[in-house]
Each structure stands twice: as structure tokens, then as C-alpha cells.
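*Asks:* We have chain L already, so just place chain X on it with the hints.
From first to last, the protein sequence lines stand for chains L and X.
Residue numbers for the first sequence follow this note's numbering, beginning at 1 and rising by one.
Residue numbers for the second sequence follow this note's numbering, beginning at 1 and rising by one.
In case anyone wonders, no lab produced these hints; they're calculated from the structure.
Check each hint, because a few of them may be wrong.
Every beta carbon over 12 Å from chain L, so not counted as near; a handful from chain X, in silico [said to hold, decoys possible]:
{"hint": "1", "residue": "V16"}
{"hint": "2", "residue": "E18"}
{"hint": "3", "residue": "T23"}
{"hint": "4", "residue": "K77"}
{"hint": "5", "residue": "N102"}
{"hint": "6", "residue": "S108"}
{"hint": "7", "residue": "R109"}
{"hint": "8", "residue": "R116"}
{"hint": "9", "residue": "K193"}
{"hint": "10", "residue": "N217"}
{"hint": "11", "residue": "R218"}
Pairs of lysine-lysine, DSSO-like flavour, derived with a Cα cap of 27 Å [to be verified]:
{"hint": "12", "chain 1": "X", "residue 1": "K238", "chain 2": "L", "residue 2": "K297"}
{"hint": "13", "chain 1": "X", "residue 1": "K182", "chain 2": "X", "residue 2": "K226"}
{"hint": "14", "chain 1": "X", "residue 1": "K77", "chain 2": "X", "residue 2": "K168"}
{"hint": "15", "chain 1": "L", "residue 1": "K278", "chain 2": "L", "residue 2": "K241"}
{"hint": "16", "chain 1": "L", "residue 1": "K296", "chain 2": "X", "residue 2": "K145"}
{"hint": "17", "chain 1": "L", "residue 1": "K59", "chain 2": "L", "residue 2": "K241"}
{"hint": "18", "chain 1": "X", "residue 1": "K145", "chain 2": "L", "residue 2": "K241"}
{"hint": "19", "chain 1": "X", "residue 1": "K226", "chain 2": "X", "residue 2": "K238"}
{"hint": "20", "chain 1": "X", "residue 1": "K19", "chain 2": "L", "residue 2": "K33"}
{"hint": "21", "chain 1": "L", "residue 1": "K241", "chain 2": "L", "residue 2": "K295"}
{"hint": "22", "chain 1": "L", "residue 1": "K295", "chain 2": "X", "residue 2": "K145"}
{"hint": "23", "chain 1": "X", "residue 1": "K3", "chain 2": "X", "residue 2": "K232"}
{"hint": "24", "chain 1": "X", "residue 1": "K19", "chain 2": "X", "residue 2": "K57"}
{"hint": "25", "chain 1": "X", "residue 1": "K57", "chain 2": "X", "residue 2": "K3"}
{"hint": "26", "chain 1": "X", "residue 1": "K226", "chain 2": "X", "residue 2": "K237"}
Using N, Cα and C, we set each Cβ at its ideal position, and we do this for glycine too.
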Amino acid sequence: MTPLLNWLGTLPGALTQGLIWGIAAIGIYITFKVLDVADLTVDGSIVTGAAVCAFLLSKDVNIWVAILCAFIAGMLSGLVTGFLHTLLGIPVILAGILSQLMLWSANLLILGGSIIALSRFKYADKVLITAESSAQNINVYITIGILLAFCVVIIALLYWFFGTELGMSLRSTGNNLEMSRAQGINTDFTKVLGLALSNGIVALAGSLLAQQQGAANINMGRGAIVIGLAAVIVGEALCAKATANFAVRLIFVVIGAIVYWLVYQTVIFLGLPSELLKMLSALVVAIFLGAPYLKKKYFANNKKKGGAVNA
Amino acid sequence: MLKLSNIHKTFNAETVNEKRVFTGLNLELEDGDFVTIIGGNGAGKSTMLNVIAGAFKPDEGSIEIDGIDVTNMPEHKRAAYIGRVFQDPRMGTASDLWVEENMSIADSRGHRRGLRWAITSKDRERYRELLTQLDLGVENRLTTKMGLLSGGQRQAITLLMAAMKKPKLLLLDEHTAALDPKTAAKVLEITDKVIAENKLTTLMVTHNMRDAIDHGNRLIMMSEGKVVVDVKGEDKKKLTVEQLVNMFSAAGGKELSDKAMLSN
Chain L
1 MTPLLNWLGT LPGALTQGLI WGIAAIGIYI TFKVLDVADL TVDGSIVTGA
51 AVCAFLLSKD VNIWVAILCA FIAGMLSGLV TGFLHTLLGI PVILAGILSQ
101 LMLWSANLLI LGGSIIALSR FKYADKVLIT AESSAQNINV YITIGILLAF
151 CVVIIALLYW FFGTELGMSL RSTGNNLEMS RAQGINTDFT KVLGLALSNG
201 IVALAGSLLA QQQGAANINM GRGAIVIGLA AVIVGEALCA KATANFAVRL
251 IFVVIGAIVY WLVYQTVIFL GLPSELLKML SALVVAIFLG APYLKKKYFA
301 NNKKKGGAVN A
Chain X
1 MLKLSNIHKT FNAETVNEKR VFTGLNLELE DGDFVTIIGG NGAGKSTMLN
51 VIAGAFKPDE GSIEIDGIDV TNMPEHKRAA YIGRVFQDPR MGTASDLWVE
101 ENMSIADSRG HRRGLRWAIT SKDRERYREL LTQLDLGVEN RLTTKMGLLS
151 GGQRQAITLL MAAMKKPKLL LLDEHTAALD PKTAAKVLEI TDKVIAENKL
201 TTLMVTHNMR DAIDHGNRLI MMSEGKVVVD VKGEDKKKLT VEQLVNMFSA
251 AGGKELSDKA MLSN
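Only chain L is shown next, with the shape it has when bound in the complex (with noise of 0.2 Å):
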């Protein structure tokens, strides 16, 4: 039985990291899923967060103001991410993995070096969550709870937002550009202000990745965009409804970033190297990714060929 106590034990663990993903994935399904671009900003923003946030802690500021000031960073960070893309023309991937080089630098300076360390006998009074998570403790719930007040907050600020005439200007931005400046849209201004919001909220998760990691390190988003990604595409698979609202879809993107992480955690139990886990993170996106490409080329002419569009 000791090993299955042992694997319950990292469930608290693999919820507040999945729950913290969630909301950096939230942020990405804006870009990715709204805006249809992908932003590869985010392995810098969520540092950006996270060290801007571990900053200001260790310079005795309100958790809550740090906070705000990471999600405030990341929405500059996209910001200059927005206008390399529409100012000067660069095509958004390149405009993203420019920014992201960019923050790399800028989060060494916020850093100091490459890591602040938020050490759990000093920090424990300031910061939201905890860096704790054995299931004996406490404090993992209350973190857990949190998170969740995290999470919906943030779902029903967005699904107001979208629901509005400036966050339906966004949504059709990403879904027919022709039309939307047939409409009157400004179109660069919608894709800046989306790629702005989309970094905000990565970085607000990072800020509370810093406390739940009790640091923050200049190396801690690598890959960010694929778990993100990951999450999204779980999320999607899962939530089979087609017609579900935006707030429903938001909340299945959380719940893909915790079976994401459930996964991780189980693999990592199970015992494979973990050298090997960011390989495999961007095999399981690779493939979703690749699924309905594969599925259009080679199961397409089962079907009856589509007629025109008109009918």
C-alpha cells in the first residue's frame, strides 16, 4: 500500500501546480484559441511575473501590489510583443521569440542574478501560498482554495470582458480579419490589446508559481508555451460539448492543465527519467496538434466529398 499512499500523496501537489498552469493557460488560450496567433512571449512573461513579484516581496511590498505589478509587467511585456507585430510588420512567432529574448535580460536585471529565493522561515506571513505541499500540511488546502478563487475570478472577469463589445472585437480579430475591418475594427489595436491581456495573466501566474516554488528562477519558463498548450488542447478534448459557452471552455482548459500535471507527476512516480519529461510534454502536443491535419489527409476520403460552399 505504501506506494499508492506515497502516489496520493503528490496529488496536492500536481493540483496546485495544475491550477497555477491553468491560469498561465487561460492567458494562452486567449492568444491561441481567440486571436488564432501563438505567442511565444509567455516563456518570458511568466518569469517576468515571477521575478518582478519574488522583487518586490523581498523589498517588503504588499503580496497583493506585487502581484498586481507582475500582472502589469506582463501585460507591457505583451505590449511589445503587439507592436513588433504591428508596427513593424514582424510576423508574430518571430515577434514573440524576439520579446521573449528580450525579458530574458530584463528578468536577470528584476532577478539580480538568476534566482531569488523566497525562503519559507522569512516569506511565510507574506506570500498568498505556500512553497508546502505534503499532504500532511495544512496549508496545501488553503493554497488549493486560493488558486480556485484565483481561477474564478479570473474566468468571470474574462467572460464578462468577452461578452462586451471591445472583447467581441477581439474574438472576431482572431476570427476573420477581412470582415473585421469591413466592420470598422482596428484590428492592430485589438491584437495588441490581446496579446497585452494574454501576458498579464501568464504573468500573474507566474507570480504565484514564485510563492508556491518559494523562488523565482531565471530558468523557470522554459517551455511554458508547450505546457500552456498542453493544457489547452486537454482541455478541448475534454470539454466534448461543442456549443459550450466561453466561461465552460475556460474552465476545461484549467482542468486540462491539472490532468496535465496529474500526468507529469504519475510519470515521474512511475519512475522515468526526467530528463526525458519536457521531450515528452512536446510529443503529447506535437501529436494533438497534428491530429485533425492527419485525420483531414487520411480519413477525408471516406467521406462524401463537401459540396460547394453555396447551397
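*Replies:* Chain X in isolation, oriented as in the chain L frame:
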């Protein structure tokens, strides 16, 4: 209402693919004009609509809409004055958004999009009423994804969306060309109705000579970026397809496309 003066436009200038579309195009429309446009492939019909809408900037010349110089106004700002329907039914609407969401996007055209809730129950009633007028059974599909509707339904809704804010100018770019004949006729019928009800100044490009004669109060024929035939009022009412073909040859126009010939 619309004034194009001395428009020049060359694509891929100074390359082997250089294409001079306009070398001094002039056109003036009166308030309430409904102009049909015909012409062979490459005559510049669609390019003209795109220049008016702001998708391309002319190299030279000016564009005025209702006395306002819009030559350098970006496309999204000009959209406040212009309603558009494209040839491809997929182009005029957002496929993954609901019918009512598409309509609300059109409803916000010309004013600042802020943090007001986009669709109130009052809006929804108004959209339903508008859709009922189409008589296509779409009034009960407000929360259906646009992409699930047929091409004809989408074009009809795009028309409604284009006319919703009573634009100064309605641009129809072969908006029935991708539809089957029966649906095309229905969409044209709706077009006439929408234009008459809202008294819209309209430019309608068509491949079909019959349609060009039957609709509108003025007909222009384009060739090599110039207006080569311009028929108005009583003269237009009496026009026949045969006369039109003769006029076209007389004006030195290139062969009309097969599609236009076949539709005689």
C-alpha cells in the same frame, strides 16, 4: 455621394509582374444612385471597390465620400461610412461566432467599442425582427454558429449587417456569384429590398449582364481600368443584353469573360 478623381494604381511596380490597374479613373455617384458594374476579368472592378473601401491605397488621386476626403483614412475608420458584401460568403461574417454576435459586431460599426455588454435582450429582439424580414428561417438561429448556415443565408445576413447602420455607401462585390441560381435570385431580391428601404447609394459588381440591366438606376462597364460605358435613367431601362455586348465591343473592350457571355 462618392467622387473618385484621377485614381492611379499599379501593383508590383517595376517588376516583371507589374500590373497597371488604373491610370486616371474618374467616377462620380449621386446620392441614392444604385450603380451596377460589369466588365471582363482584370478590368479593375473589384480593385475599384477595394480602393474605395481602403483595402488598397491609390498611388495617386483622391476619394471623397459625401464631401469627406477619405483618401488617407485607414480602412477600419472608413468602415463607418461603408457597408460591404464580398463574393465569398465566408468572408463577410465570422464563422465561429454566433449569428447574433456577428450582428452585434456590425451594430457597433461607426462608434467606439467599449465595455458595454454587446448583446442586450433589446438588441436580440431587434436582430430577430431584421432576420425575420429575410424570410429564410434564420430568425430562430440567433445562437447558431455562422459557419453552420448555408452560403445564401450567410450572404443575406451579411447584407443586413452591411445595411444596419445605414452606410453612406454600400459595396457589393459579386455577392451572388458563389450561389446557385435560385439562391442568387433570392439574395438579389433581398438586396433590392434592403437598398430601397434604406435608400442606400450602392455599387454592385456583377458577372451577370441580365442582373446588371435589371437592377439599379445606372450601369457602368469597365475595361482596362476605365469606365467605357455609362448608361443612366430611361436609357438604362430600355437596354438589352445584345446592345450591351455591342457597346462593349464598340468601346474597344476586350472579350467579356465566358461567364458573362453564358449568362445572356
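*Asks:* Now, for every hint given, state plainly whether the structure supports it.
*Replies:* Evaluation of the provided hints:
no., hint, in the structure
1, V16, "holds, 24 Å"
2, E18, "holds, 23 Å"
3, T23, "holds, 27 Å"
4, K77, "violated, 7 Å"
5, N102, "violated, 8 Å"
6, S108, "violated, 5 Å"
7, R109, "violated, 4 Å"
8, R116, "violated, 5 Å"
9, K193, "holds, 21 Å"
10, N217, "holds, 25 Å"
11, R218, "holds, 24 Å"
12, X:K238 to L:K297, "violated, 54 Å"
13, X:K182 to X:K226, "violated, 32 Å"
14, X:K77 to X:K168, "holds, 13 Å"
15, L:K278 to L:K241, "violated, 30 Å"
16, L:K296 to X:K145, "holds, 21 Å"
17, L:K59 to L:K241, "violated, 47 Å"
18, X:K145 to L:K241, "holds, 14 Å"
19, X:K226 to X:K238, "holds, 24 Å"
20, X:K19 to L:K33, "violated, 38 Å"
21, L:K241 to L:K295, "holds, 20 Å"
22, L:K295 to X:K145, "holds, 23 Å"
23, X:K3 to X:K232, "holds, 17 Å"
24, X:K19 to X:K57, "holds, 15 Å"
25, X:K57 to X:K3, "holds, 15 Å"
26, X:K226 to X:K237, "holds, 23 Å"
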